[in-house]
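My request is simple: use the sequences and hints to build the entire structure.
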Amino acid sequence: MISEHLPVLQVVVPLLAGPVCLLLRRPSANWALAASVSWITLAIAVALLVEVRRAGPIIYQLGGWAAPWGIEYRIDHVNAFVLLIVSGVSAVVLLFARASVQREINNRRINIFYTGWLLCLTGLLGMTATGDAFNVFVFLEISSLATYLLISLHPDRRALSAAFHYLVLGTIGATFILIGIALLYMMTGTLNIVDLAAHLPPVAQTRTVAVAFSFLVIGIGIKAAAFPLHMWLPNAYAYAPSAVTALLAGTATKVAVYLLLRFLFSLFGPGLSFEQYLLDKILLPLAAVGIISMSVAAIYQTTAKKLLAYSSVAQIGYMLLGISLASVTGLTATVLHLFNHALIKSALFMAMGCVVYRIGTTQLASMAGLARCMPWTMAAFVAGGLSLIGVPLTVGFISKWYLILAALERGWMWLAALVVITSLLAVAYVWRVVEVAYFRHRESCAEVAEAPLSLLVPTWLMIAANYYFGVDASLTTGVAGRAAELLFGAAP
Amino acid sequence: MTGLAIAGLNKLFSAVMLFGIYSLLSAALFVALDAVDVAFTEAAVGAGISTILMLGALALTTSRQRQISWHRHGSAIAAVSVTGAVLLYGTADMPMFGDPLVPALTYVVPRYLEQSGSEIGIPNIVTSVLASYRGYDTLGEVTVIFTAAVAVAGRLGRYRAGEDGPVPGAGMAHHLILRVVTKLLLPMILLFALYVQFHGDYGPGGGFQAGVIFAAGFILYGLVFGLESVRKVVPPSVIRILCASGLLLYAGVGVVSLLLGGSFLDYDVLAEDPVSGQHLGIFLVELGVGITVAAAMISLFYAYAAYKGDTA
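The listed protein sequences derive, respectively, from chains A and B.
Heads up, the first sequence is in my numbering, so the first residue is 98 and it goes up one at a time.
Heads up, the second sequence is in my numbering, so the first residue is 2 and it goes up one at a time.
The hints are simulated quantities; they were obtained by calculation from the structure and are not laboratory data.
Hints may be right or wrong, so weigh each one.
Unchecked claim - Selected chain B positions facing chain A (in silico; Cβ < 10 Å):
1) Thr92
2) Val110
3) Tyr134
4) Tyr196
5) Gly255
6) Phe265
7) Thr293
Being a predicted model, the structure only gives us computed values, none of them experimental.
No residue lacks a Cβ here, since even glycine has one placed at the ideal position from N, Cα and C.
Shown next as structure tokens:
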């Protein structure tokens, strides 16, 4: 009986846990609730993916009303995969969070912190699972508000201004998305995404639909931190609590990119998106410029967390590059990189969390010679850094392999070369941290010890996932390939 | 016009007042468009509670805006103009206003209008769409409000008894007229809130508006008689519990319907026959909405009124 309700339980379990968490007064109880709920959602996500791979898309009608009158959840290969990413990252990072949050967050606000975490998870999962355009907006609001809260809970004053900056830009993004959805409703009279796709062709030539398209793309672009709409991201990542950065880096932008895929392919369809609105022609140069400029910007950072944040914007560029190739292989690369980059960045930001736990900052100057004092932490950073660069046997390699394949398929040698050259830029910024931590002199390790096991184990767990899915990529490439075919096949 | 005046003003206090007028005018516009429920919400939320909350925010900061020269706004003005131009461009192909054959009215809506009576059985179709057909969206909206309340209360810090924030502990209790009028108004406000809450099935209204009106009653009491006295009536800890339990009630209805063999938020299974099940379900979720909204608004007021600087 439970199994048929899995799609809604995926979202409602953390939603119910949120208010309960607020009422619990003991920090350990807050953490235990959040962590156990997050692992339950991971189990549900795995069950859903298994079921989708076995029997195809799952449709769940909320309130028992059939779409388009009611709201339906529609889980296929694409969003089952994203659900797995979100709940998996949250589950592992929560193991990490207990000690890290205890150190970084005021003890009296811990119940607020974990309530915010659960609500953020609810919003992200809800946006991913739903098949209704307005429902996307509602859960987008939940996750956004919770994210602003989580960032602002860091005691550093700069976290407040970073959160406010993100709040302003995020609200503009959400409003743009809402305007886009409202215009589509006006033209078709429905909010269900599959139904919208069916009713769009007769009005596809109107200006109103074109405006709706541009509002949706720009709004989602802000949430995804797509270059040049990424201004909020570096500070938000750099000043958020360590565990929150690891969560956001692995989930928030990934869900936004998923939404972009869903709207571009499932709703508007590749014909409209690319042949009529020529989005691929706009996206391609923006993505290329974004990757290069943000990688260069990363090299010049003086804080390791900010360096990784700029690198995140560059990595999102790779995902957009995959979309702009407008082919099944390119899309496979995008979906794969959603998963792979989530593993890479959450592992790296957890390693940075270990550093913050011991020395309170990720200023490169303060990290001189740190590898001698914290060998396991810095080894994790190097292992994750190799994956970020895209060395064979890591997940980063798999993403770039598919991206290069897709570029060659189109006969664009220069694009394949661009992917290789920007990987060298990644070598440069990863090396900046490695050079400081391994080859600079440090007086003594008297006051800096290795991070505790409760931080190291989750970090290495995520690193291990980087290498496991790098060696045996059959599951991820299989699902991503099928997802890409579905997105293209769903075209009207 | 009011909107332009707001943008041009430097005095934030007057801007807030104009916002209130702006909301009231929009509410009148909505009435003219026959959207009574939306108008009611706009009046209660836009003109009522958000004005009070913005005044609370002003009391915490300052009521004057720093002078910023025009050319620093250049890129912002450009971005806004482009957005506005694109929106205008998009209106060109929109269906005509008042045309009964537009897709928005001919596709999904007729089923709501024709079937709502037999499937749900309450006269106010807006309520049946919000609470049943698209009840899951409304659950999401309540979660948004809950999140916002948690965020503001969590961010602004704790309430400590015996210390005065921007709202003095004694309030304005020395104003005799204010005191008497408040005492007269208060029962009527609360009664009206309850009416709006439970009459939402039949006329305009429902949990959102009722919650806001209910909260407005308490906030009025707090403004006049002081924060301390209203805290004695409803302590912050009670508010926190109420805020969570409203949301839990709503989601709990969903879980119960799920356990009874329906899908999530399927009220049909809550009672013997579907129509009374729908009645019960809508009643309970509207109650959940009302509780969470009222508690969230009061907790926002507490957070502003008791703020004593950052304690992080």
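(Q) Output the indices of the hints that this structure fails to meet, ascending. (A) Violated hint (a single one): 4; every other hint is consistent with the structure.
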